[in-house]
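Colleague: With the sequences and hints as input, model every part of the structure.
If you're matching them up, the sequences are chains A and B in order.
Just so we're aligned: the first sequence equals residues 3 to 281 in the working numbering.
Just so we're aligned: the second sequence equals residues 71 to 342 in the working numbering.
In case anyone wonders, no lab produced these hints; they're calculated from the structure.
Watch out, some of these pointers could steer you wrong.
Said to hold, decoys possible - Residues from chain A shown here face chain B by an in silico Cβ test under 10 angstroms; the list is partial: (1) G45; (2) S97; (3) F104; (4) Q253.
We put the CB at the ideal spot given by N, CA and C, even for glycine.
Next come the chains, spelled out residue by residue.
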Amino acid sequence: MALSLDNVDYTYAPGTSYAQPALKRVSLEVSRGELVLLVGATGSGKSTLLRIAAGLLAADAGGVLIDGQPLTASTARGRIGLVFQNPESQLFAESVSADVAFGPKNLDASDDQAADRAREALRAVGLDPDAFGPRSPFALSGGEARRVAIAGVLAMRPRYLLLDEPTTGLDVRGREAVLGGLERIRREVGIVVVTHDAEEFLGQADRVLLLADGAPAFSGTADELVADPSPLVDAGVGLPPLIEAQVLARQAGCLIDRLSALPTEAAEQIAIAYRRGRA
Amino acid sequence: MIRFESVSYSYPGHLGAVSALRDVTLQIDERELVAVLGANGSGKSTLALLANGLLGPSSGLVDVDGIDTRDEARAFDIRAQVGLVLQNPDNQIVATTVEEDVAFGPENLGMPRDEIRARVDRAIAAVGLEGLERREPHLLSGGQKQRLAIAGVLALDPLYLILDEPASMLDAAGRREFDAVLGRLRAQGRGIVLITHDLAAVAGADRVVVLAEGAVAFDGDLGELLRHPGRLSEWGLSLPPVGVLAEELRSRGVPIPLDAITPLSVAEALWR
Chain A
3 MALSLDNVDY
13 TYAPGTSYAQ
23 PALKRVSLEV
33 SRGELVLLVG
43 ATGSGKSTLL
53 RIAAGLLAAD
63 AGGVLIDGQP
73 LTASTARGRI
83 GLVFQNPESQ
93 LFAESVSADV
103 AFGPKNLDAS
113 DDQAADRARE
123 ALRAVGLDPD
133 AFGPRSPFAL
143 SGGEARRVAI
153 AGVLAMRPRY
163 LLLDEPTTGL
173 DVRGREAVLG
183 GLERIRREVG
193 IVVVTHDAEE
203 FLGQADRVLL
213 LADGAPAFSG
223 TADELVADPS
233 PLVDAGVGLP
243 PLIEAQVLAR
253 QAGCLIDRLS
263 ALPTEAAEQI
273 AIAYRRGRA
Chain B
71 MIRFESVSYS
81 YPGHLGAVSA
91 LRDVTLQIDE
101 RELVAVLGAN
111 GSGKSTLALL
121 ANGLLGPSSG
131 LVDVDGIDTR
141 DEARAFDIRA
151 QVGLVLQNPD
161 NQIVATTVEE
171 DVAFGPENLG
181 MPRDEIRARV
191 DRAIAAVGLE
201 GLERREPHLL
211 SGGQKQRLAI
221 AGVLALDPLY
231 LILDEPASML
241 DAAGRREFDA
251 VLGRLRAQGR
261 GIVLITHDLA
271 AVAGADRVVV
281 LAEGAVAFDG
291 DLGELLRHPG
301 RLSEWGLSLP
311 PVGVLAEELR
321 SRGVPIPLDA
331 ITPLSVAEAL
341 WR
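Modeller: Here it is in structure tokens:
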């Protein structure tokens, strides 16, 4: 059971003088319980790929399958949840619970079922439905509103959840709340996160697909990318600061055994190398 | 200098006024880069709007080089001195090409053509958008748009620049470009207020002011701020991963200075 894109091509405005190839032979697969990071510089094709994965754009070539069936509007319906950038700008109902219940109602759930699903979805993103359900969606903090918007998608019980830059514009508390919410649901659904800031998700991701100019520049586990992060530099994304600190420390003569995406682990490695160097 | 003297501000609301800033006293000198840090809702953006007179204080005084910002007769002088660049560049790009957008301000002041041309060229060079003068703004990358918004304000040649979350939408490459622009603006001697919730973005600042729930919780240098990292979370802030790394290294007996919060500064400390 997986959402899989196999050697996908996509060109904007094909056949015109503005024709612009956006994706060239890109493959992406996400299974339930997996968190895949989609990284790339601005204009690398991340958002185009996400739209194809959601069934909003049809690939020019290549196969797109959901649980073994070709992805179409009807096979995508209810199975794929897409969270756009700044999704809280799409909150509209008079209460949080009504807003989150809107999706399942449109998927033919009864009022009671939709209300149950809304409660379940709010709990999944770490918001107490009794406290937040009656509140206005327009009187929430940034992190709360973002999580309500994600809950609105989760309430449709998608098998795959696609998120475009889910932490952009949030402060520390908001980010931690959204990351915590994703951590809570990641065993139940397959998650694809698009980001230009690899740092905050590298420690959490299972696999990473890196795009450069619409083509895959790296595809593998997050651990492999941390061990040799040079593709991030080549793709114009740049090193996450924590990794860059370790690379520069190496250049400064600290013979670190391996790079890490976790500050504590990195400190341990550097401290050992530092003492070895002083001895 | 821009001076805030016991400034409070409340937004009017139908359920009663909502207090956004409480008894804020601080000053920003020419040639100074001051970072204003705070969580969402801490009053940072309100501070920006007060600094150039778009809002007037509910109580207290905001003064720009001796002009009270409530003096409506001088509103024009204040806006000319204090340039404000808002968070979302799309909200402040108005024209159909890059150079026309930058020219919009000077044109509206009725400046002579040659002067406009010179100002537009200088502003575009300062933000590194040379070669893109005829580009349509919607075809620019997020980072380029952010720099265009800064150029539009620079064309008015303000003495002070207030930048509200200028790097929030940028990737690592865009951030490097932005840092270079910031360096150039400093070299020009402008006073800069950098508003952000990202501690990693303030490494180059002369001074850091922390706002928490509308009040000044800290005003000092970065090293002093990081002497007690435990306070950060009370203010809705946290150390970036490199700051956590530095702290963990110190706790393991590796001498890393308190203000080392960038990859380079941590590595340099290891080199010594």
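Colleague: Against the structure shown, which of the earlier numbered hints fail to hold, in ascending order?
Modeller: Checked against the structure, the hints that fail are numbers 2, 3, while the rest are satisfied.
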